[in-house]
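Undergrad: Sequence:
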Amino acid sequence: MEYTVVAREDLSPEDSQLLESAQKAKDNAYAPYSNFYVGAALRLRNNEVVQGSNQENASFPAGLCAEKVGLSAASSLFPNVAVEKIAISTSKDDHMLTAPCGICRQSLVEYEERFGQKIAIILCNGDDVYIFASAKDLLPFSFDKKALD
Numbered sequence: 572m573e574y575t576v577v578a579r580e581d582l583s584p585e586d587s588q589l590l591e592s593a594q595k596a597k598d599n600a601y602a603p604y605s606n607f608y609v610g611a612a613l614r615l616r617n618n619e620v621v622q623g624s625n626q627e628n629a630s631f632p633a634g635l636c637a638e639k640v641g642l643s644a645a646s647s648l649f650p651n652v653a654v655e656k657i658a659i660s661t662s663k664d665d666h667m668l669t670a671p672c673g674i675c676r677q678s679l680v681e682y683e684e685r686f687g688q689k690i691a692i693i694l695c696n697g698d699d700v701y702i703f704a705s706a707k708d709l710l711p712f713s714f715d716k717k718a719l720d
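Letter by letter, the sequence shown follows residues 572 to 720 of the numbering used here.
Read the hints as simulated data drawn from the structure, not as lab findings.
Treat each hint with caution, since some may be false.
To be verified - BS3-like mimics (lysine-lysine), calculated; alpha carbons at most 30 angstroms apart, straight line:
{"#": "1", "residue 1": "K689", "residue 2": "K595"}
{"#": "2", "residue 1": "K663", "residue 2": "K689"}
{"#": "3", "residue 1": "K717", "residue 2": "K689"}
{"#": "4", "residue 1": "K707", "residue 2": "K689"}
{"#": "5", "residue 1": "K717", "residue 2": "K656"}
{"#": "6", "residue 1": "K707", "residue 2": "K663"}
{"#": "7", "residue 1": "K717", "residue 2": "K707"}
{"#": "8", "residue 1": "K595", "residue 2": "K707"}
{"#": "9", "residue 1": "K689", "residue 2": "K716"}
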């Protein structure tokens with residue numbers, strides 16, 4: 572697992588802006604059941620930033636995670652443009668490191684394979700920021716198309 576830990580104030584301006592965008596996306600989350608609000612901001616190869624926020628449903632767990640909403644939006648708006656980084660912010664950022672769920676990890680790995688490019692993942696825990704080099708760092712034994720051959 573490859574990652575670095577940096578203080579929030581030591582983030583590059585681009586990464587700081589991406590994390591702020593994820594925090595703003597969190598404000599658009601719809602989470603009346605869990606009260607767990609998540610925002611994601613994805614920087615694409617063309618430098619566009621696409622946001623996503625979690626959207627819950629009374630038929631729990633039929634909701635959508637912020638990461639998958641962001642990936643779907645990016646793929647719909649820019650179908651042939653790779654995702655380079657994703658920053659994820661949760662309502663627990665101030666005291667707890669929260670990583671993507673297993674389904675979102677699988678989806679992120681799928682996008683890495685689709686475009687042949689790693690997706691860096693930025694997570695926050697109070698004043699510390701964790702930057703993972705690749706989604707595969709969070710899911711080293713992913714299910715992929717080779718299993719379907």
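Undergrad: Run the structure past the numbered hints and jot down the numbers of the failing ones, going up.
TA: Per hint list: zero violations.
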